[in-house]
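Visitor: These protein sequence lines map, in sequence, to chains A and B. When we follow the numbering used here, the leftmost residue of the first sequence carries the number 1, and every step to the right adds one. When we follow the numbering used here, the leftmost residue of the second sequence carries the number 1, and every step to the right adds one.
No lab work stands behind these hints: they were computed from the structure. Please read these numbers as outputs of a predicted model, since none were measured by experiment. For every residue, glycine included, the Cβ atom is placed at its ideal position computed from N, Cα and C. Take these hints with a grain of salt, some might be off.
[Stated by the list, open to error] If you want a taste of the chain B side facing chain A, the calculated C-beta under 10 angstroms gives, among others:
| # | residue |
| --- | --- |
| 1 | S143 |
| 2 | R147 |
| 3 | L151 |
| 4 | G152 |
| 5 | P159 |
| 6 | L163 |
| 7 | L176 |
| 8 | G177 |
| 9 | R180 |
| 10 | T184 |
| 11 | I188 |
| 12 | R249 |
[What the hints assert, rightly or not] So the derived list for chain A, only partly shown, Cβ under 10 angstroms to chain B, looks like this:
| # | residue |
| --- | --- |
| 13 | Q120 |
| 14 | V122 |
| 15 | F143 |
| 16 | Q178 |
| 17 | G181 |
| 18 | M183 |
| 19 | R191 |
| 20 | A208 |
| 21 | A211 |
| 22 | R214 |
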Amino acid sequence: MAKVDALAGSRRSKSGWEKGGRPVQRESVRAPDQTWEDELTLQDKPAISLEHVSRRFVIDGRQVTVLDDVSFEVPAHGITAVLGPNGSGKSTLLRLVAGLLTPDSGTIEIGGERVADADQRVGLVFQEPRLLPWRTAIDNVAFPLELAGVSRAERRERATALLDLVGLSAFARAYPQQLSGGMRQRAAIARALARDPQILLLDEPFSALDALTRERFNAELLEIWQRTGTTILIVTHSIAEACFLADEVVVLTARPGRVAARVPVPLGRPRRDDTLDSAAFSRAAATIRAHLSGSPADIAAQEAAAAPVSDVLERAGAPAWFDPFGGPG
Amino acid sequence: MWRTTVLPVLAAAVVFVVTWKVIAVVGNFGVFLPAPEVVGGRFLGAWLDGTMWPHASATLVEIGLGFFVGAGLAVGIGYLVARSRLAERLLSPYIVAAQATPVLVLAPLLVLWLGPGLAPKVVICALIVFFPVAVATMVGIRSVDRRLLELGRSLRASPRQVLVHLELPAALPQILGGMRVGVTLAVIGAIVGEWAGADRGLGVLINIARGSLFDFPLMFATLLTIALIAVVLYLVVLLVERALVGAWR
Chain A
1 MAKVDALAGS RRSKSGWEKG GRPVQRESVR APDQTWEDEL TLQDKPAISL
51 EHVSRRFVID GRQVTVLDDV SFEVPAHGIT AVLGPNGSGK STLLRLVAGL
101 LTPDSGTIEI GGERVADADQ RVGLVFQEPR LLPWRTAIDN VAFPLELAGV
151 SRAERRERAT ALLDLVGLSA FARAYPQQLS GGMRQRAAIA RALARDPQIL
201 LLDEPFSALD ALTRERFNAE LLEIWQRTGT TILIVTHSIA EACFLADEVV
251 VLTARPGRVA ARVPVPLGRP RRDDTLDSAA FSRAAATIRA HLSGSPADIA
301 AQEAAAAPVS DVLERAGAPA WFDPFGGPG
Chain B
1 MWRTTVLPVL AAAVVFVVTW KVIAVVGNFG VFLPAPEVVG GRFLGAWLDG
51 TMWPHASATL VEIGLGFFVG AGLAVGIGYL VARSRLAERL LSPYIVAAQA
101 TPVLVLAPLL VLWLGPGLAP KVVICALIVF FPVAVATMVG IRSVDRRLLE
151 LGRSLRASPR QVLVHLELPA ALPQILGGMR VGVTLAVIGA IVGEWAGADR
201 GLGVLINIAR GSLFDFPLMF ATLLTIALIA VVLYLVVLLV ERALVGAWR
């Protein structure tokens with residue numbers, strides 16, 4: 001915790017570089033015994049809201065609708081996962097929220113304000129690390145601060161704290177090509193957090209990692225989330241990843257991307273490896289799977305099965321038929 | 001170091017000198033192809049008695065100035081052409097045409113226009129350096145990873161920041177590759193410029209040795225000096241390259 005305090009402290013003392021100051025709400029770290037339902041009452045207005053968002057692209061002279069009438073909200077300090085098959089416009093959706101693209105219709109708001117061009121309230125983690133190969137890990141993490149004109153000493157201090165947060169302190173002076181794929185993505189997450197964003201957007205961040213590394217990274221991402229209190233919107237095509245991380249999973253259909261369902265994941269926090277084996281996890285995963293396959297009969301069957309959710313907070317329950325990471329942990 | 005660097009270099013030099021000696025003896029070219037030991041002796045002599053240095057220094061100045069002017073312009077214009085369609089349309093025909101125009105023809109004209117001093121040699125060097133560096137810059141800037149540029153945009157980098165922090169570092173390996181070619185060409189440019197009219201320089205020394213002194217060993221010693229200058233300059237660019245991009249490539 002001391003490290004996080006250091007982060008927050010440096011931010012409060014010198015805030016010249018933080019555009020669009022926000023109410024500092026670092027106290028969002030949950031107590032372990034708090035339930036998912038308690039969290040809902042803690043959450044005030046949505047951090048992100050999308051209303052009837054559509055986006056078309058011209059591909060080979062043909063207009064293709066990539067996203068069609070997409071609406072959902074992401075609660076403040078919550079984690080929402082967007083899940084969909086390839087071509088469902090997941091990455092487009094993330095770029096719209098980041099302000100790198102503009103919607104053809106509909107509105108996207110962050111904290112009640114319209115998203116601006118390249119919105120600085122978000123931190124982006126891309127599918128690939130996208131580190132600058134000529135900069136060391138620490139200089140890569142400090143890059144957003146350098147662009148914002150933060151002094152060298154403050155950059156150094158903050159980048160060091162962030163590298164510590166993602167467990168890369170020992171590799172501060174390493175160049176990206178000297179780091180493993182996982183380490184590079186850690187550095188990319190640290191960089192995305194550099195300007196202390198209200199919202200962290202992740203675009204299939206762990207898809208290039210092997211299954212075991214990926215499982216560990218998801219757990220670490222949750223830890224980082226608990227320590228920083230950012231709102232997270234993560235795009236993924238892994239049902240297990242979505243269920244493990246998110247409070248709610250937004251399922252998109254294939255092109256054009258529409259919201260097929262918004263599936264709540266009624267699991268407590270903190271979530272651990274054994275969360276993956278609980279019945280509630282399995283049910284959420286099965287419901288999502290049914291929505292993805294899109295057959296109405298499947299969906300009805302799954303919803304009927306999921307109806308008596310008396311053991312909402314059950315963890316480490318009956319072994320799941322659905323084992324996302326192959327084999328008992 | 002000894003095994004991997006010095007030994008191969010020495011071996012190649014020995015093979016070169018032996019081949020030279022064999023051709024000189026067997027070919028029976030007489031005075032027109034002096035043996036390597038004759039040229040070597042004349043080379044040392046010319047450096048020691050102060051014949052070579054004034055000419056070599058004059059040529060080095062021409063190469064240095066010409067290279068910096070030419071490479072500097074090339075990076076700027078290459079960037080412009082890479083990033084602006086209009087600039088490409090306007091400039092690229094002239095860039096190619098200038099490259100295709102024989103410097104050999106241009107050199108005497110430049111001396112007529114600019115006088116026999118330093119200026120025409122610098123212009124010729126710059127002209128000859130320009131093309132490879134401009135093309136390398138163009139290719140380098142065009143091939144900058146779009147995903148890095150998107151990162152820059154997401155962080156609201158200013159155009160200047162994109163240039164300084166993303167485009168130039170990303171294109172630097174290619175630009176330096178173009179400079180490696182350019183610096184050796186600059187040596188040729190300087191000699192050609194001197195042949196068109198000068199009172200000093202290694203090109204002048206070659207003319208004097210061949211035409212008035214009939215001192216073929218001196219001519220070959222001068223050629224050796226020119227070759228060594230090219231090798232050293234190439235190595236300098238290589239070292240700069242290693243210092244700038246060696247750590248991360």
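Visitor: None of the hints should be skipped; say for each whether it holds.
Guide: Outcome of the hint check:
Look at S143/B: its Cβ only gets to about 14 angstroms from chain A, farther than 10 angstroms, so that hint breaks. Given hint, R147/B at the interface with chain A, holds; its Cβ is 5 angstroms from that chain's nearest Cβ, closer than 10 angstroms. A least Cβ separation of about 5 angstroms between L151/B and chain A falls short of the 10 angstroms threshold, and the interface hint therefore holds. A distance limit of 10 angstroms between C-beta atoms decides the matter here; for G152/B the minimum to chain A is near 8 angstroms, and the interface restraint holds.
Below 10 angstroms, beta-carbon pairs count as interface contacts, and P159/B has none with chain A, the closest being about 12 angstroms; its hint is therefore violated. For L163/B, the interface hint is violated, since its Cβ never comes within 10 angstroms of a Cβ in chain A; the closest pair sits about 13 angstroms apart. A distance limit of 10 angstroms between C-beta atoms decides the matter here; for L176/B the minimum to chain A is near 13 angstroms, and the interface restraint is violated. The criterion of a C-beta within 10 angstroms of any C-beta in chain A is not met by G177/B, whose closest approach is roughly 16 angstroms, and the hint is violated.
Interface restraint check for R180/B: the shortest CB-CB distance to chain A comes to about 19 angstroms, outside 10 angstroms, so the restraint is violated. The closest approach between the C-beta of T184/B and any C-beta of chain A is roughly 26 angstroms, which is over the 10 angstroms cut-off, so the hint fails. Checking I188/B against chain A: minimum C-beta separation of about 32 angstroms lies over 10 angstroms; hint violated. A distance limit of 10 angstroms between C-beta atoms decides the matter here; for R249/B the minimum to chain A is near 8 angstroms, and the interface restraint holds.
At about 6 angstroms, the closest approach between the beta carbon of Q120/A and any beta carbon in chain B falls short of 10 angstroms, and the interface hint on this residue holds. Because the closest C-beta pair between V122/A and chain B is about 8 angstroms apart, less than 10 angstroms, the hint holds. Checking F143/A against chain B: minimum C-beta separation of about 7 angstroms stays under 10 angstroms; hint holds. About 9 angstroms separates the beta-carbon of Q178/A from the nearest beta-carbon of chain B, less than 10 angstroms, and the hint is met.
With 10 angstroms as the threshold, the beta carbon of G181/A stays out of range of chain B, its nearest partner Cβ sitting at about 16 angstroms, so the hint is violated. For M183/A, the interface hint is violated, since its Cβ never comes within 10 angstroms of a Cβ in chain B; the closest pair sits about 15 angstroms apart. Checking R191/A against chain B: minimum C-beta separation of about 9 angstroms stays under 10 angstroms; hint holds. Annotation: A208/A was flagged as interfacial toward chain B, and the flag is violated, the nearest CB pair being 14 angstroms apart, outside 10 angstroms.
Checking A211/A against chain B by beta carbon gives a least distance of about 25 angstroms; that is not within 10 angstroms, so the hint is violated. Below 10 angstroms, beta-carbon pairs count as interface contacts, and R214/A has none with chain B, the closest being about 21 angstroms; its hint is therefore violated.
Checked against the numbered hints above, the structure breaks hints 1, 5, 6, 7, 8, 9, 10, 11, 17, 18, 20, 21 and 22 and satisfies the rest.
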